[in-house]
Amino acid sequence: MTAAALFEGFPEAVAEGDVVRLAPNDLEAFARAALQAGYEMCVDVTAVDYLEEREPRFEVVYNLVSIQHRSRLRLLLAVEGDEPHLTSVTPIWPGAGFAEREVYDMFGIVFEGHPDLTRILMPDDWEGYPLRKDFAVGSVPVQFKAAHLVT
Amino acid sequence: MADQRTEEIWVAGTEEWDGASTDEGAQTMREEETASRLAEQIGAVVSDDYVIEDEAADDERMIINMGPQHPSTHGVLRLQLELEGEIIRRSKPIIGYLHTGMEKTAETLTFMQGPTNVTRMDYLAPFHNELCFSLAVEKLAGIEAPPRAQVIRVLMTELNRISSHLIALATNGMDIGAISMMLYGFRDRELILSFFEKTTGLRMNHNYIRPGGVAADLPPGWRQDVEEICRVIPQRLDDYDDLLQNNPIWLERTKGVGVITGEECLAYSITGPPLRASGVNWDLRKAFPYSGLEDYEFEVPLGQNGDVYDRYRVKVEEIIQSVGIVRQAAERMPKGDYRVDDRKITPPPRKRIDESMEALIHHFKIFTEGFRVPTGETYVAIESPRGELGCYLVSNGAGKPWRMHTRAPSFYNLQALPIMMADSLVADTIATIASLDPVMGDVDR
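Chains A and B are the protein sequences, given in the same order.
Numbering-wise (my numbering), the first sequence opens with residue 2 and increments by one.
Numbering-wise (my numbering), the second sequence opens with residue 947 and increments by one.
Chain A extracted, bound-state conformation (with noise of 0.2 Å):
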């Protein structure tokens, strides 16, 4: 399977370059094929607020590498929703996991069956998501675990 004959089955799937617009419901299906294209490697997830630029507001963006074919793949996914879902790719690069922890503890986007969905970077029971663009900066008190047995 070449990486051309990728896109045959996902009509909704808009290529340019190496950058690809999918249908979130087309993701596993797509993650896939691209395994067996031959994208070994998923480099990178990561994701965009667009608040007030786009609707819908959160973007999930999936950096992919092919060793044997020396190339680069970039998915783009616009999620739907406040509280977006997405299935998870760990089952098919495992090298997601702490990526997709990173993106759900920073934007609140829940990969479904993620084996260990938990905040990564910020304290357990931080409250919000941080690079949401209606989360200000600076203007946030500091939140520490131990605050209330301080007397």
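It should be emphasised that the hints constitute simulated quantities derived from the structure, not laboratory data.
Computed from a prediction, not measured in an experiment: that's the story for all the values here.
Just to be clear, a hint being listed does not mean it is correct.
[To be verified] Cut-off 25 Å, straight-line C-alpha distance, at most; resulting in silico cross-link-like pairs (PhoX-like, lysine-lysine):
1. A:Lys134 with B:Lys1050
2. B:Lys1297 with B:Lys1281
3. B:Lys1297 with B:Lys1144
4. B:Lys1297 with B:Lys1085
5. B:Lys1038 with B:Lys1144
6. A:Lys134 with B:Lys1346
Mind docking chain B on chain A? Use the hints.
Chain B only, in chain A's frame:
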């Protein structure tokens, strides 16, 4: 008179201890406790048959935290280890202790200020962070650094790779007990840091590589400094070989320890020296060259076994290759501008501000609102000493990035730890972590 003097001489154990003089309880160790401690030590001698084949019951497993204050975890890395006696069955890295929200901060800084922020991520390879961010901005803005800036960038990043690998070797040695290696590594890194200081004014967090070029030209006498570095470092590598390569303890502690296969590396998105030590030929400088690296001659050193020893060897070989690239860069250093000739991006020289109103306006605009970058999104990746360092940059046409995400190699490489350490000894975790060379500033950002 002589009699009076001898009475003043104090002889230990002759006077009675006054237990009431302190309120902190007994200050001496009780005799029976000393004896029991000794018995514990005798019982703790490890015999050869410690490897247990069958699965132990749950109550025989113990979960222990290593870090975040453990000196051998290279910063504030915390590992949860599930131990069965001396053997690690499962482990989980817990991170975030150094998280400072740099990706959020980047959204409040102009593109010009961006390098100041990103250079603090991987603090052992600051030039790589700056280069990656600058390349991303340049790609979105559609500008290209002039030839001299590109060669300076290659020169600085490859010197930085050497200094970063020297730290990796130094700490790896120290963690296993080769303290001399630590001293040697830090001593020789000093050569390179002195050159950095001479060029950029700072030993780390340089903010030197900026969108559009570099902040300043190379200082007078840079060629002699670089030649000196290129002469000294390979000699010092021979010293390291005497210390480590021919050291049976070192070989015993590193060979066959912390093994990871190439397939596992790919599955877990491991890049950089750990990936190459497992035999996968993947170096972004060769695969997707940047800053004109396709014109330089160098090899990609590969390991076979993916153990601590191979990762150490790959780093040593990469230092040799980097010295070669630095030599080539110094030879071909072209004359010309070190910043792009674009008034909207490059601040005017100080003297022009006094002469020209237009220069003053440009200066004011660049430093108050920054230059604008066209709407778009891009991902640029370079080969940092730790692996693929990527920058995902989104601009909405304003003077500040809408979103800046760094693909930190240490962050992803940490996922290899549970695989490398499964069914290994606690003592080997130290060697394994060190060989992975994580920088916690890079992990947590």
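- Message: For Lys134 of chain A and Lys1346 of chain B, compute the direct alpha-carbon distance and say whether it is at most 25 Å.
- Response: Answer holds: Lys134 of chain A to Lys1346 of chain B is near 14 Å, not above 25 Å.
- Message: Need the status of pair Lys1297 of chain B, Lys1144 of chain B: alpha-carbon distance at most 25 Å?
- Response: 23 Å, holds
- Pair hint outcome, Lys1297 of chain B versus Lys1281 of chain B [Cα-Cα no greater than 25 Å]: 22 Å, holds
- Does Lys1144 of chain B lie within 25 Å of Lys1038 of chain B when you go C-alpha to C-alpha? 42 Å, violated
- Given the hinted pair Lys1297 of chain B and Lys1085 of chain B, is their alpha-carbon gap at most 25 Å? Distance ~30 Å between Lys1297 of chain B and Lys1085 of chain B Cα, so the pair is violated.
- Restraint check for Lys134 of chain A with Lys1050 of chain B, where alpha carbons must lie at most 25 Å apart: 9 Å, holds
In summary, the structure is inconsistent with hints 4, 5 from the numbered list given earlier, while agreeing with the others.
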